[in-house]
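Asks: One letter stands for each residue in the lines below.
2 protein chains.
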Amino acid sequence: VNAELLQQAQAKLDNKTKPLGSLGRLEEFGRRVAAISGTMNPDTTKKVIFTFAGDHGVTDEGVSAFPKEVTPQMAFNMLAGGAGVNVLARHAGVEVRLVDVGMDYDFNGALGLIDRKVARGTKNFAKGPAMTRDQALAALKVGIDQADQCKAEGVAMAGTGELGIGNTTPSSAIIAAISGISVKDLTHRGTGINDAALANKIRVIEQGLALNRPDPKDPLDVLTKVGGLEIAAIAGLVLGCAANGIPVVVDGFISTAGALIASEMHPNVRDYIFAAHASVEIGHRFMLERIGATPILDLNMRLGEGTGAALAMGLIEAGVKVLKEMATFEQAGVAEQL
Amino acid sequence: VNAELLQQAQAKLDNKTKPLGSLGRLEEFGRRVAAISGTMNPDTTKKVIFTFAGDHGVTDEGVSAFPKEVTPQMAFNMLAGGAGVNVLARHAGVEVRLVDVGMDYDFNGALGLIDRKVARGTKNFAKGPAMTRDQALAALKVGIDQADQCKAEGVAMAGTGELGIGNTTPSSAIIAAISGISVKDLTHRGTGINDAALANKIRVIEQGLALNRPDPKDPLDVLTKVGGLEIAAIAGLVLGCAANGIPVVVDGFISTAGALIASEMHPNVRDYIFAAHASVEIGHRFMLERIGATPILDLNMRLGEGTGAALAMGLIEAGVKVLKEMATFEQAGVAEQL
Numbered sequence: 114v115n116a117e118l119l120q121q122a123q124a125k126l127d128n129k130t131k132p133l134g135s136l137g138r139l140e141e142f143g144r145r146v147a148a149i150s151g152t153m154n155p156d157t158t159k160k161v162i163f164t165f166a167g168d169h170g171v172t173d174e175g176v177s178a179f180p181k182e183v184t185p186q187m188a189f190n191m192l193a194g195g196a197g198v199n200v201l202a203r204h205a206g207v208e209v210r211l212v213d214v215g216m217d218y219d220f221n222g223a224l225g226l227i228d229r230k231v232a233r234g235t236k237n238f239a240k241g242p243a244m245t246r247d248q249a250l251a252a253l254k255v256g257i258d259q260a261d262q263c264k265a266e267g268v269a270m271a272g273t274g275e276l277g278i279g280n281t282t283p284s285s286a287i288i289a290a291i292s293g294i295s296v297k298d299l300t301h302r303g304t305g306i307n308d309a310a311l312a313n314k315i316r317v318i319e320q321g322l323a324l325n326r327p328d329p330k331d332p333l334d335v336l337t338k339v340g341g342l343e344i345a346a347i348a349g350l351v352l353g354c355a356a357n358g359i360p361v362v363v364d365g366f367i368s369t370a371g372a373l374i375a376s377e378m379h380p381n382v383r384d385y386i387f388a389a390h391a392s393v394e395i396g397h398r399f400m401l402e403r404i405g406a407t408p409i410l411d412l413n414m415r416l417g418e419g420t421g422a423a424l425a426m427g428l429i430e431a432g433v434k435v436l437k438e439m440a441t442f443e444q445a446g447v448a449e450q451l
Numbered sequence: 114v115n116a117e118l119l120q121q122a123q124a125k126l127d128n129k130t131k132p133l134g135s136l137g138r139l140e141e142f143g144r145r146v147a148a149i150s151g152t153m154n155p156d157t158t159k160k161v162i163f164t165f166a167g168d169h170g171v172t173d174e175g176v177s178a179f180p181k182e183v184t185p186q187m188a189f190n191m192l193a194g195g196a197g198v199n200v201l202a203r204h205a206g207v208e209v210r211l212v213d214v215g216m217d218y219d220f221n222g223a224l225g226l227i228d229r230k231v232a233r234g235t236k237n238f239a240k241g242p243a244m245t246r247d248q249a250l251a252a253l254k255v256g257i258d259q260a261d262q263c264k265a266e267g268v269a270m271a272g273t274g275e276l277g278i279g280n281t282t283p284s285s286a287i288i289a290a291i292s293g294i295s296v297k298d299l300t301h302r303g304t305g306i307n308d309a310a311l312a313n314k315i316r317v318i319e320q321g322l323a324l325n326r327p328d329p330k331d332p333l334d335v336l337t338k339v340g341g342l343e344i345a346a347i348a349g350l351v352l353g354c355a356a357n358g359i360p361v362v363v364d365g366f367i368s369t370a371g372a373l374i375a376s377e378m379h380p381n382v383r384d385y386i387f388a389a390h391a392s393v394e395i396g397h398r399f400m401l402e403r404i405g406a407t408p409i410l411d412l413n414m415r416l417g418e419g420t421g422a423a424l425a426m427g428l429i430e431a432g433v434k435v436l437k438e439m440a441t442f443e444q445a446g447v448a449e450q451l
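These protein sequence lines map, in sequence, to chains A and B.
Take the first sequence: its letters are residues 114 to 451, numbered as in the working numbering.
Take the second sequence: its letters are residues 114 to 451, numbered as in the working numbering.
Quick caveat, the hints were computed from the structure, so don't treat them as lab data.
Backbone N, C-alpha and C fix where the C-beta goes; we use that ideal spot for every residue, glycine too.
Partial list, computed: chain B residues near chain A (C-beta under 8 angstroms):
#	residue
1	K131
2	G137
3	M414
4	L424
5	A448
Using the sequences and the hints, build the whole thing.
Replies: Listed below in structure tokens is the structure:
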């Protein structure tokens, strides 16, 4: 991101009728979106959240509180506009696009679904690699293609989201592989499993890491061996948004695992990332620190889908409007500081 | 607030297509607005921020970085729609009403300004009481009347805001009087004064408290002796919203001083308050703890006017929409937990 544009945007903000810096992070949002977009007047009309959906072979190990049939059921719920991300995106003036990267279900061309299925779910990583390297690359490309499409359509801001029963398990595995933090310390209850199931989940992840030995220096290897198809697509969207100069708002735990893969591949993508959420989880905190992103919201949300991204996009857009719409001291005839 | 309605709202939320509690504080917002409004389907179309404006005699002591002429200049900026609160309220679909409770300026019926002037500013509290008790009561009534008007108009949610050069000084004085925390610990730089000016501001507040001896057990006495006309109106709005069953979103430092006065008068008003902002200031933290409110946002904003309330109202409305618009497991044909 161009440092001169960042300065130019801050100079514009400093002429607005307010004490210097008094709009805090809203000023950061406006400044960064301007610099990323290459204009002092970004048009934020078009905003899109991509909810990437995939299934996970590792659910065979009983790592989730929900049966995996819920993935396609929730996909239909999203297509009908009834899921959390639909409600919050509508509220924020954001479009939701649901992309099938790897659900284990035949949708027969269901209306509104973007069909980019790479495989019917990953394989069980407790017994072997989750994907082939070609599958991981194909799933990355799904996200990159969506970013290219955003550029073509003039989308001002993209958000990430995901749908996939069991996907906190590969996310924790990715963090463990890259950070070296113990699986026990960074594995949590996902959407609500009990003590016994949590112990099982930890065992499954430890087994998968010991068996597959992902190379922490090779993010694509980590993604291939213990990742997920929708996580790969999120990584691709982040890479593609950075390449196309589009701000990308990263949702919660699972999305951040995708963004982590992207930023391990190309550290420059960090300049394009906005982190929607804070989390109490040690694994999420590690990722945000590694990416260098300060979360925007802390509302104890843990639904995924892109729900946090939707709310954060509304706040980022507010920062852009401060840059564009607030009157200057001169315009308003207001005296500056003594 | 009716505990049964709170339970009823949570039961409704628990049937939505999401893991239990996974929308975190959004569920709290939806639940509380429903219980306060007395309906499971609150209509949030009409939302209003009241920016109460007043001047402060204590600016004679050089406590602010801006000359007091900036109060009416900013009032005109707001009436023209160019101030921060206008931009952020437009973004959130919120109307801004500017109420003159005590500006030291003759507006001659300026278009859009609600003229409820009680006095042309307070007196310098470093030399005597800021107001008479009758003035404090009249200014409280200004806020109460706005809340009554909200009820008549069907306003779903009210927000507080303020405009008044110098008004962090009476706010700090109010907190010191009620909390017993030392003036030095809770006085900050307001909109940006230097070290010498900060030392002066502390001296002025200490002098005012020593001279006026406000009774910490009598919030009206505190308000009268070291408060502000706009702070009194904010307290009145909070009281009036609670009386009328309207959720009230309290902006930052100065607004919270008003809400603190209200909650010291009637502890029950706490059930109706949403705190927009976090703050690093010890005084603000004290007030929020005393009121029992957990701030919604932490974006390092310190402009006032109602800017934080505008953003927080957008998030609270999002919580209401979750309650109203999300599909249930049954509607969506989604399997519940295993």
